[in-house]
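Asker: Add chain B to chain A, keeping to what the hints say.
The lines below spell out each chain.
Number of protein chains: 2
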Amino acid sequence: MNYFSSNFKLGILGGGQLGKMMLYDTRKFDIYTCVLDPSPDAPSRLACDEFYVGDLLDYQTVVDFGKNVDVLTIEIENVNVDALETLEKQGVKVFPSSKTLRTIQNKSTQKLFYRDHNIPTADFSRFAYTSEIDEAVDNGGLNYPFVWKSARFGYDGTGVKVVRSISDLTDLPNVECITEKLIPFKNELAVIVARNEKGELKTYPVVEMEFHPEANQVEYVICPARIPDDIAKKAEAVALKTAAAFKHVGLLAVEMFQTENDEILVNEVAPRPHNSGHYSIEASYTSQFEQQIRCILGLPLGNTESKVAGVMVNLVGAEGYTGDVIYKNIDTILAMDGVTPHIYGKKQTRPFRKMGHVTIVNKDLEQARRIAQEVKESIEVISTINNNDTNSKCNN
Amino acid sequence: MNYFSSNFKLGILGGGQLGKMMLYDTRKFDIYTCVLDPSPDAPSRLACDEFYVGDLLDYQTVVDFGKNVDVLTIEIENVNVDALETLEKQGVKVFPSSKTLRTIQNKSTQKLFYRDHNIPTADFSRFAYTSEIDEAVDNGGLNYPFVWKSARFGYDGTGVKVVRSISDLTDLPNVECITEKLIPFKNELAVIVARNEKGELKTYPVVEMEFHPEANQVEYVICPARIPDDIAKKAEAVALKTAAAFKHVGLLAVEMFQTENDEILVNEVAPRPHNSGHYSIEASYTSQFEQQIRCILGLPLGNTESKVAGVMVNLVGAEGYTGDVIYKNIDTILAMDGVTPHIYGKKQTRPFRKMGHVTIVNKDLEQARRIAQEVKESIEVISTINNNDTNSKCNN
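The listed protein sequences correspond, in order, to chains A and B. For the first sequence, the UniProt record's numbering assigns the number 1 to the initial residue and increments by one for each residue that follows. For the second sequence, the UniProt record's numbering assigns the number 1 to the initial residue and increments by one for each residue that follows.
Note that these hints are calculated values from the structure, not bench results. Be aware that a few hints might be false.
No distinction is drawn between identical chains; accordingly, a pair holds when it is met within one copy or between any pair of copies.
What the hints assert, rightly or not - Mimicking DSSO-like on lysine-lysine, the simulated pairs with C-alpha atoms at most 27 Å apart in a straight line are: (1) K328 with K93; (2) K363 with K89; (3) K9 with K93; (4) K181 with K161.
Same shape as in the complex, but just chain A (with noise of 0.2 Å):
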């Protein structure tokens, strides 16, 4: 099949923002787009050539939806796998597969999956039931600390907590959930690695996620990781693994632990293009975004290698607000060499709400991350409003 010429359609489950930067690359290509998400405002209503506004758990929507395609993709894992497996059975073509869908959406069965692939990955324990949890801990069978995680749709933050102590647990839900060992880590790691199904494989650089001294909040992704390069290469032959134990064809994001003794270990994947891939847009010769429709295309995959240093900065709405957006000082931010401001588009902010990201690409990596933090420094997402401060005028 020409992707090239008419007649190809290729369906995004999802029409948020990395379907949006999808988007940028199937216009590169002249590539015919379909979309459904639940949102009529969903930032991929532009680009894409038809959108519809469905309900990407219900079974019904996402068969219809995909019959119509050749490829389907996703951009968001939370959508009805029952669907994609009947689509697979119609000949439709769906990476990731339903499987691997399947085994990623539970917390549960994906550490499961790692135990049995023999990839390395924090011990852990698995429950019905967070209240289950509490026998365990009488019986020995489980030590303070360590980490709950709801076993669905548990996403940083919301469905992960660290319980140190009986009382930790009594405001977690009662669902299915896994406990991990604490791991004492030295960095927070990722890989992507890009595939085709005729198995050609490449991996981006690893990056390293640098957190914030005191919030424990990721503040940086930095590509290349300051990290030895053994470590790298140990960091990368374990998402090598993860991803053939998945039979995976697309992006899979491998998110990783160096452990104080320099062990690596699993932490999540996901599979599609992630956050800790957003700088290759810039410093990239292959954007993840151009990658993963070369991946689910059966395209030859570009080269995963970086042409300067990027440091990616998450921009979040600043606590105290709520409403209309505005993006402080983004002049400033915008006459710093190399920066290139992402805007998600969404008009309303609130604390941590996530807006945008910038990426800032220098041949010097110190430079890179200096001129990072000046980004990080000087814009702040704020609302005409200030929560905190409604007596008296904005502070700004």
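Answerer: Relative to the frame of chain A, chain B by itself:
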């Protein structure tokens, strides 16, 4: 005004390929865009917020479109300039200005402008009608060979002819025109100047148009140009002088000849993103399209330097093929290092029709140039029907 939140509208006259590429960056910055184009199938119909079909040369259509936007720009020079003047009086910011466009739209006034502003350009004569040229030759005021150019809407290949004898004049249209001294030149160069309203000014590196030795057609645009530093500095100075003379806001692509005596002569200018700057998407810190947006919105200008060397090859329809387009061997070029095709999405090819371009980037310019040649020798823009060979099977 904050361009990064609601209520701001950018208008673009023309929805062709240049407009489409500019829209990638308006989307990145979440800028609200309105596009006017005569064709309902224009490439920009996707990715803009509001798309209107209408005649760019009709006064009322352009005024009606423009009065609803805050900043108005063009992606094609051939628009109604009286309408732009009206809009400027009504307070719409129009970049390039109506005055600049009026000067540029007519090659005769464009050449006068260079002479009046002491900008080096090839000697020329102006004629109200082609039929008046004979007399000038007879009077000894003009000698063969010379270049004939139609004053209005004369673009390369359609409104230009080298005249070596009286017989070459007979087929030419009897229109307003200029004749230019035929200049033997070593190189054709171009410099893109970026300027915002505050007068901040940057230039992209000098690029070189490498011609096919026989066909006399631009084959490669090469950045940076393989010329001595002093010539590059001279070309840059001439380009800056030209932009200053226009008091230009936005991008100005200045095409120049490097004569055999190493003089720099301005050939013509384009007040917008330009084919000679397409390489910048992959090679530069700031692509020409993002830079155009920065210029016309009064934002700080981005870094115009290159991350890596770049070579651009135009994709044109192969001779002998008309009909539904096929990009033969596109897989072959996608497997080459640092190669990015841009497919413009025209469904029908015909001989020499511009169907896309390919950028080749590499740390090493000579390597990029070699790969560019492989690209050119591999890919073919053909169709299912070979006009030259209708009795036998298609020769692939």
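Asker: None of the hints should be skipped; say for each whether it holds.
Answerer: Checked hints:
| no. | hint | verdict |
| --- | --- | --- |
| 1 | K328 with K93 | between (44 Å within a copy, 24 Å between copies) |
| 2 | K363 with K89 | neither (48 Å within a copy, 46 Å between copies) |
| 3 | K9 with K93 | within (11 Å within a copy, 40 Å between copies) |
| 4 | K181 with K161 | within (12 Å within a copy, 78 Å between copies) |
When held up to the earlier numbered hints, the structure conflicts with hint 2 and nothing else.
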